[in-house]
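Q: Each chain is listed here by its residues.
Number of protein chains: 2
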Amino acid sequence: MVCFKPVGIVVEGLEKPSERGACRSRFEVISTIKIFDEFVDGLDGLEDYSHTIVVYWMHEVRGVELKVKPWGVERYPKVGVFATRSPARPNPIGVTVVELVSIEKPVVKVRGLDAWTGTPVLDIKPYDYYDVVKNPRVPWWFKEKWDEWRQKWKYEEKVPWLGP
Amino acid sequence: MVCFKPVGIVVEGLEKPSERGACRSRFEVISTIKIFDEFVDGLDGLEDYSHTIVVYWMHEVRGVELKVKPWGVERYPKVGVFATRSPARPNPIGVTVVELVSIEKPVVKVRGLDAWTGTPVLDIKPYDYYDVVKNPRVPWWFKEKWDEWRQKWKYEEKVPWLGP
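Those sequence lines, one after another, are chains A and B.
Count along the first sequence from 1, then add 146; that gives the number in this note's numbering.
Count along the second sequence from 1, then add 146; that gives the number in this note's numbering.
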């Protein structure tokens, strides 16, 4: 066992559970992270990055599903949880790439965080060139969903920086 | 406090500490991760991705440096640890994008992992389009080091999929 102490909390994030559904994409939500006092100096210089990786504990997840149908879609293959971003994983650690909106210690505002209000934050990392894969290969079912969401939520227009 | 149980271990990774230095880049090392028996079925379908994100506990890191000179370079600004990928962070959780080389349960081989032999693995996530930022902004000092390493380790030739 290895234990960690949160460095901050999502004081305003996604609402559960309706907001994860139909009304708006996570890229239309600005999330507010509050970093605890003892760690705020760790934020210095983060403003020189456009994006960051938020690592958090998905604290409301209960149980593990080792094999899952992605997004519960019936005609998708049942795959292992390590082949999905499903939260019901052995260690419910969330890793999300977000756009940095503003930093005013102790508050960091980001766009695109996939975490509910109240989520404990374990780490914030700068997104750098080592995080960019130019043409990642993904399964057909991921591509299908991506195309659906890309059009539905107007990614090209609203989050032009987003891959592939 | 939040506690996690490793799902696997890096049975063969970077050697410490010399290998992190001059002889070869982490992209020239194939690391071997062994997933523990109870979780191996979680790997099904991961082979359809070209890259994955390995989340691990940097178990040998001791202490936290809240402000750091990146890579110890004197003329670089002292910045907050959340603006660097320094391992001496409040929660020593490593997040590294790697190329998938092969999966033969319970063994996953990857290229580019920045973890020493013996490192406990907390999660494996597929790298998908939501992890791609097309033109991330980074500080001048990161760019400088990137250019140095890109040339020294021949990234264009050896890891053509790597950003920016």
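Source of the hints: derived by calculation from the structure; they are not laboratory data.
No experiment lies behind these values; they were computed from the predicted model shown.
Mixed in with the good hints, there may be bad ones.
It does not matter which identical chain is used: a pair holds within one copy or between any two.
Stated by the list, open to error - Each computed DSS-like pair below joins lysine-lysine, with the alpha-carbon atoms no more than 27 Å apart: (1) Lys-289 with Lys-215; (2) Lys-180 with Lys-304; (3) Lys-151 with Lys-289; (4) Lys-304 with Lys-224; (5) Lys-224 with Lys-151; (6) Lys-304 with Lys-151; (7) Lys-304 with Lys-280; (8) Lys-213 with Lys-224; (9) Lys-151 with Lys-213; (10) Lys-180 with Lys-251; (11) Lys-280 with Lys-298; (12) Lys-213 with Lys-180; (13) Lys-215 with Lys-251; (14) Lys-300 with Lys-213; (15) Lys-298 with Lys-251; (16) Lys-280 with Lys-151; (17) Lys-280 with Lys-291; (18) Lys-255 with Lys-215; (19) Lys-180 with Lys-215; (20) Lys-280 with Lys-162.
Q: Go through the copies and call it for Lys-280 and Lys-162: within, between, both or neither, with a Cα cutoff of 27 Å.
A: Neither, since 33 Å and 30 Å both go past 27 Å.
Q: Indicate which option fits the pair Lys-151, Lys-213 if close means a Cα-Cα distance not exceeding 27 Å: within, between, both or neither.
A: Cα proximity of Lys-151 and Lys-213: across copies only (19 Å, versus 29 Å in one copy).
Q: Cα distance capped at 27 Å. Does Lys-151 pair with Lys-289 within a copy, between copies, both, or neither?
A: neither (36 Å within a copy, 32 Å between copies)
Q: Taking 27 Å as the upper bound on the Cα-Cα distance, should Lys-304 and Lys-224 be classified as within, between, both, or neither?
A: neither (32 Å within a copy, 34 Å between copies)
Q: From the Cα coordinates, with 27 Å as the cut-off, is the pair Lys-180 and Lys-215 best called within, between, both, or neither?
A: between (34 Å within a copy, 25 Å between copies)
Q: Under a CA distance limit of 27 Å, which applies to Lys-180 and Lys-251: within one copy, between copies, both, or neither?
A: within (8 Å within a copy, 41 Å between copies)
Q: Given identical chains, is Lys-280 near Lys-298, meaning Cα to Cα at most 27 Å, within a copy, between copies, both, or neither?
A: So Lys-280 and Lys-298 pass the 27 Å test inside a copy (24 Å) and across (20 Å) alike.
Q: Since the copies are identical, ignore which copy is meant and state whether Lys-304 and Lys-151 lie within 27 Å (CA to CA) inside a copy, between copies, both or neither.
A: Classified as neither; 35 Å inside a copy, 38 Å across copies.
Q: If the cut is 27 Å between Cα atoms, do Lys-300 and Lys-213 qualify within a copy, between copies, both or neither?
A: neither (31 Å within a copy, 39 Å between copies)
Q: Indicate which option fits the pair Lys-304, Lys-280 if close means a Cα-Cα distance not exceeding 27 Å: within, between, both or neither.
A: both (21 Å within a copy, 14 Å between copies)
Q: If the cut is 27 Å between Cα atoms, do Lys-280 and Lys-151 qualify within a copy, between copies, both or neither?
A: neither (34 Å within a copy, 32 Å between copies)
Q: Given identical chains, is Lys-289 near Lys-215, meaning Cα to Cα at most 27 Å, within a copy, between copies, both, or neither?
A: So Lys-289 and Lys-215 pass the 27 Å test inside one copy only (15 Å; across, 40 Å).
Comparing the model with each numbered hint stated earlier shows that hints 3, 4, 6, 14, 15, 16 and 20 do not hold.
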